[in-house]
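Asks: Sequence:
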Amino acid sequence: MVLNYVWKVCGNLLSYFKSADVEAVSQFKIRQMCSQAISLGAKRAKEKLINDVIELLYNYRKNCGQSNNPSQLVLPEMLRLYPLYMLSAIKTPAFRLLSMSKLDEKIAMLYKLVTMGFNQMAVLLYPRIYSIHDFCENMNDAEPLWLNYDNESG
Numbered sequence: 001m002v003l004n005y006v007w008k009v010c011g012n013l014l015s016y017f018k019s020a021d022v023e024a025v026s027q028f029k030i031r032q033m034c035s036q037a038i039s040l041g042a043k044r045a046k047e048k049l050i051n052d053v054i055e056l057l058y059n060y061r062k063n064c065g066q067s068n069n070p071s072q073l074v075l076p077e078m079l080r081l082y083p084l085y086m087l088s089a090i091k092t093p094a095f096r097l098l099s100m101s102k103l104d105e106k107i108a109m110l111y112k113l114v115t116m117g118f119n120q121m122a123v124l125l126y127p128r129i130y131s132i133h134d135f136c137e138n139m140n141d142a143e144p145l146w147l148n149y150d151n152e153s154g
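Going by our numbering, the residue at position 88 of the sequence shown is 88; the numbering climbs one at a time, nothing skipped.
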C-alpha cells in the first residue's frame with residue numbers, strides 16, 4: 001500500500017525568501033557547483049555560479065520587490081550576504097582558471113569544499129574583522145568580530 005500526501009509549505013515566494021538561511025543556501029550552491037566543476041570546467045562553473053546569483057536576485061526583484069527604481073539594488077533581507085559568500089567561493093583556487101592556480105591546488109580545494117563541515121566552510125568563506133586598536137594588548141586571545149546582519153549597522 002502506497003500513500004502520497006501533498007502538503008503546502010507556504011503560500012507565496014516572499015515567505016521562502018524571508019525564512020531562507022544564507023549559509024545553508026550558499027553552501028548548498030557552492031557544493032553543487034563543485035560537483036559540476038569537473039564536468040563543466042572552472043570557467044563555465046564560475047559563470048554558472050554568477051548567473052545563478054543574478055537569477056536569484058532578479059527573481060526576487062521581479063516577484064517580491066516593492067521598489068520600481070531600476071537603478072536600485074534590491075536584496076532579500078535574509079540573503080543580503082549571499083553575493084559575498086559566492087564571491088568568496090569564486091576567489092578560491094577551486095574556481096580559478098588553471099593559468100592562475102595549480103591543478104593540485106584546484107583539486108584539493110574542490111575536495112575540501114565538498115567534504116568540509118558546515119561551520120568550517122562558514123569560517124573559510126566568511127570575512128572576519130579584527131580590531132587593531134587593542135590587538136597588541138591582547139595578542140594571544142584576539143577575538144574576531146563576525147560580520148553579520150546584527151553588527152552591520154554598528
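Some hints here could point you the wrong way.
Here are the simulated SDA-like pairs of lysine to any residue, each with C-alpha atoms no more than 25 Å apart in a straight line [claimed, not checked]:
#	residue 1	residue 2
1	Lys48	Leu81
2	Lys29	Tyr126
3	Lys62	Leu84
4	Lys18	Lys43
5	Lys46	Val9
Ranges between beta-carbon positions, derived for each pair [said to hold, decoys possible]:
#	residue 1	residue 2	range
6	Cys64	Ser39	38 to 48 Å
7	Ile50	Gln72	39 to 49 Å
8	Val114	Asn12	43 to 53 Å
9	Pro70	Leu14	18 to 28 Å
10	Met116	Gln72	28 to 38 Å
11	Asn4	Glu105	43 to 53 Å
12	Ile107	Tyr16	26 to 36 Å
13	Asn69	Ile107	37 to 47 Å
14	Val114	Lys43	30 to 40 Å
15	Asn119	Cys10	20 to 30 Å
No lab work stands behind these hints, which were simulated from the structure alone.
Don't be surprised by glycine CBs; every beta carbon is placed ideally from N, CA and C.
Asks: Against each hint, give a clear statement of whether it holds in the structure.
Replies: Hint check results:
no., hint, verdict
1, Lys48 to Leu81, "holds, 19 Å"
2, Lys29 to Tyr126, "holds, 15 Å"
3, Lys62 to Leu84, "holds, 21 Å"
4, Lys18 to Lys43, "violated, 32 Å"
5, Lys46 to Val9, "violated, 32 Å"
6, Cys64 to Ser39: 38 to 48 Å, "violated, 33 Å"
7, Ile50 to Gln72: 39 to 49 Å, "violated, 20 Å"
8, Val114 to Asn12: 43 to 53 Å, "violated, 34 Å"
9, Pro70 to Leu14: 18 to 28 Å, "holds, 20 Å"
10, Met116 to Gln72: 28 to 38 Å, "holds, 36 Å"
11, Asn4 to Glu105: 43 to 53 Å, "holds, 47 Å"
12, Ile107 to Tyr16: 26 to 36 Å, "holds, 35 Å"
13, Asn69 to Ile107: 37 to 47 Å, "holds, 45 Å"
14, Val114 to Lys43: 30 to 40 Å, "violated, 19 Å"
15, Asn119 to Cys10: 20 to 30 Å, "holds, 28 Å"
Checked against the numbered hints above, the structure breaks hints 4, 5, 6, 7, 8 and 14 and satisfies the rest.
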